[in-house]
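Sequences listed follow chains A and B, in order.
Residues 1 to 343, numbered by the UniProt record's numbering, are exactly what the first sequence covers, in order.
Residues 1 to 253, numbered by the UniProt record's numbering, are exactly what the second sequence covers, in order.
Take these hints with a grain of salt, some might be off.
What the hints assert, rightly or not - Beta-carbon label-pair distances, calculated as ranges:
{"hint": "1", "chain 1": "A", "residue 1": "G88", "chain 2": "B", "residue 2": "G242", "range": "47 to 55 Å"}
{"hint": "2", "chain 1": "A", "residue 1": "G231", "chain 2": "B", "residue 2": "V170", "range": "21 to 29 Å"}
{"hint": "3", "chain 1": "A", "residue 1": "Q9", "chain 2": "B", "residue 2": "A240", "range": "34 to 42 Å"}
{"hint": "4", "chain 1": "B", "residue 1": "V170", "chain 2": "A", "residue 2": "P131", "range": "31 to 39 Å"}
{"hint": "5", "chain 1": "B", "residue 1": "D247", "chain 2": "A", "residue 2": "G134", "range": "28 to 36 Å"}
{"hint": "6", "chain 1": "B", "residue 1": "D247", "chain 2": "A", "residue 2": "Q9", "range": "46 to 54 Å"}
Hint data in this document are derived by calculation from the structure and do not stem from the laboratory.
Virtual Cβ for every residue (Gly too), placed ideally from N, Cα, C.
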Amino acid sequence: MTRHFRILQPGLQSTVQDLGRIGFQAYGVPVCGALDSMALRLANALVGNATGAAALEIRLLGPAFEVSGGPLRMALAGASADTEVTIGGETQRYGAWRAIDVPEGARVRIGALAGSGCAVLAFAGGIDVPPVLGSRSTDLKGGFGGHEGRSLAAGDRLNLSNVRDLGPCLALPSPPVAETEVTLRAVPGPQADAFTEAALEAFFHTPYRVSREADRMGMRLDGTPLTFRGGADIASDGIVTGAVQVPGSGLPILLLADHQTIGGYAKIATIISADLPRAGRLLPGATLRFRAVSVAEAEAARRAAEAEMQRLIASMVPVREGAGLNLEALYGANLISGAVSGI
Amino acid sequence: MGDGTAMRVRRLGARARFLPAGDTAFAVEFGERIDPAINALVHRTATLLAAAPPEGLVETVPSFRSLLVHYDPLTTNAETLQQLIGDLELDGATSTGAGRIWRIPALYGGASGADLAEVAAATGLSEAEVIALHAGTLYRVYAQGFLPGFAYLGDLPASLDLPRRTNPRVRVPAGSVAIAQRMTGIYPVESPGGWHLIGHTPLRFFDPGKAPPTLFAPGDAVRFVPVDADAHAAIAEAVAQGRYVPDTEGLST
Numbered sequence: 001m002t003r004h005f006r007i008l009q010p011g012l013q014s015t016v017q018d019l020g021r022i023g024f025q026a027y028g029v030p031v032c033g034a035l036d037s038m039a040l041r042l043a044n045a046l047v048g049n050a051t052g053a054a055a056l057e058i059r060l061l062g063p064a065f066e067v068s069g070g071p072l073r074m075a076l077a078g079a080s081a082d083t084e085v086t087i088g089g090e091t092q093r094y095g096a097w098r099a100i101d102v103p104e105g106a107r108v109r110i111g112a113l114a115g116s117g118c119a120v121l122a123f124a125g126g127i128d129v130p131p132v133l134g135s136r137s138t139d140l141k142g143g144f145g146g147h148e149g150r151s152l153a154a155g156d157r158l159n160l161s162n163v164r165d166l167g168p169c170l171a172l173p174s175p176p177v178a179e180t181e182v183t184l185r186a187v188p189g190p191q192a193d194a195f196t197e198a199a200l201e202a203f204f205h206t207p208y209r210v211s212r213e214a215d216r217m218g219m220r221l222d223g224t225p226l227t228f229r230g231g232a233d234i235a236s237d238g239i240v241t242g243a244v245q246v247p248g249s250g251l252p253i254l255l256l257a258d259h260q261t262i263g264g265y266a267k268i269a270t271i272i273s274a275d276l277p278r279a280g281r282l283l284p285g286a287t288l289r290f291r292a293v294s295v296a297e298a299e300a301a302r303r304a305a306e307a308e309m310q311r312l313i314a315s316m317v318p319v320r321e322g323a324g325l326n327l328e329a330l331y332g333a334n335l336i337s338g339a340v341s342g343i
Numbered sequence: 001m002g003d004g005t006a007m008r009v010r011r012l013g014a015r016a017r018f019l020p021a022g023d024t025a026f027a028v029e030f031g032e033r034i035d036p037a038i039n040a041l042v043h044r045t046a047t048l049l050a051a052a053p054p055e056g057l058v059e060t061v062p063s064f065r066s067l068l069v070h071y072d073p074l075t076t077n078a079e080t081l082q083q084l085i086g087d088l089e090l091d092g093a094t095s096t097g098a099g100r101i102w103r104i105p106a107l108y109g110g111a112s113g114a115d116l117a118e119v120a121a122a123t124g125l126s127e128a129e130v131i132a133l134h135a136g137t138l139y140r141v142y143a144q145g146f147l148p149g150f151a152y153l154g155d156l157p158a159s160l161d162l163p164r165r166t167n168p169r170v171r172v173p174a175g176s177v178a179i180a181q182r183m184t185g186i187y188p189v190e191s192p193g194g195w196h197l198i199g200h201t202p203l204r205f206f207d208p209g210k211a212p213p214t215l216f217a218p219g220d221a222v223r224f225v226p227v228d229a230d231a232h233a234a235i236a237e238a239v240a241q242g243r244y245v246p247d248t249e250g251l252s253t
């Protein structure tokens, strides 16, 4: 039988995501994909998958599921959360940032996320849903891709692709640390000239707060309203993930993975790609600031972020069960003390 | 190129300006206005780039007056790509894509076009005049977006120019034919919407199982053909059974 798991409780919003649907924006098809692409890539590396394999994106609260058809290997990355694996009345607890081998028949429960609004749970082999337009990402608004184009629900069965050769279970010794103060770097434009000097000054030098209106499409921000030289409306043009559009209210909206492909509001700035995973982790109520950088600086930051990703993947080590190092305790300490620098 | 009657070649960089959109995209903007000639330049640029994609180009997204160029900053950079795009030669050709003229059957008014009476009242026209004007115009596919498969079709006759509804609907049924300002469009799936609904078509405009996933392509043109309720029902049935072939008028120039 195909290795699979069946959802007992779906969590708050669990969706199948990969690195997104590329190449169809000209037809109005959004990119979608994991909000925290870094978590996706790290979770996949921990279970030995290709970097863009389809995995579960979890928001705020994780799912519970039962493992059938054979054992599976999984890893949670992007946030810390208690993972309980129960079999035969015995429950084992694990932390994030490590691979776990789960036997057939076990029940897994992922608890509340800490340190981020989203995390990625990857499975060795990847989640076997049919690719739609070249991607396994769920398009919630369009209702296609992922598992039946929607968030998971109790009773859903998700199959896993076969794995040829499982190596040792890997762990990330120094995982990224949750940030308390977030500064996102942003390139002014494409319509920075639609705004007053005072608006640009306020955007780059005063704090904003993530409002309750936040989902996979974007986050409406509270803070200093931004004023226009003329009007807010432009003839609709293309939108890139990370664009900060400003409707007539003057309060900015930071657009995330599920944003529509073109839109008619002026965009004051664009979050650089190196900082997009950090934007995706933000929760309602979080405070953030923006710092202006040039395109060349943004491109250099992306190269540095990619080098850091490769360094993190290279730093992964086999889990040493029962050895002197208590990995769970180590992770807990890191997350509390913030001793390891953020990325 | 090469023969004595060749059009004067124009460097793209002389017609466009580049707008930064972070480190994975930039816009190539040809103007501020919604204008068929400007839009033709946008689609022409997309066609030129598709024909010979530079290294690191990810995809392009045409809209009314600009082309958003997505690139991979680990493979290339904005400066290199902008230099290359600026040096493209616009040969004056305005034809883009397949250049088909789609004939879209539409049932106007009644439950299918709940705002037709209101549109007539607001424009000072009769319902029949609104229908005749809407169906009597050949529309350009300016851009697709807002929803997968939603095409911005223009230009709507000036006499039908109305602002969007002050109270947008929470649910607009799929297939609704709608107007706002100088545009008309068809909702490909049920969604919220603020345009005025004047009719309904049973055709499907987005199928994620197909590549390309949309019926229309850039450079296509669209004409609405009024049908009665019986014809509408028959077409709906044929569409549901997968045996309806959308009607085209053949190649445009």
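TODO: Confirm or reject the claim that A/G88 and B/G242 have a C-beta distance inside 47 to 55 Å.
DONE: Hint holds: Cβ distance 51 Å, inside 47 to 55 Å.
Open item on the list: Within 46 to 54 Å: is that where the Cβ-Cβ distance between B/D247 and A/Q9 falls?
Closed with: holds (50 Å)
Task: Whether the CB-CB distance between A/Q9 and B/A240 falls inside 34 to 42 Å - done: Holds, at about 37 Å.
Open item on the list: Range first: 28 to 36 Å. Now tell me if the beta carbons of B/D247 and A/G134 are that far apart.
Closed with: Cβ of B/D247 to Cβ of A/G134: about 30 Å, so the range 28 to 36 Å holds.
- [ ] State, for the Cβ atoms of A/G231 and B/V170, whether the hinted interval 21 to 29 Å holds or is violated.
- [x] The hinted range 21 to 29 Å holds for A/G231 and B/V170, with Cβ atoms some 26 Å apart.
- [ ] Look at the Cβ atoms of B/V170 and A/P131 and judge whether their distance stays inside 31 to 39 Å.
- [x] Holds: the Cβ-Cβ distance is about 32 Å, inside 31 to 39 Å.
Figure legend: structure checked against the earlier numbered hints; every hint is met.
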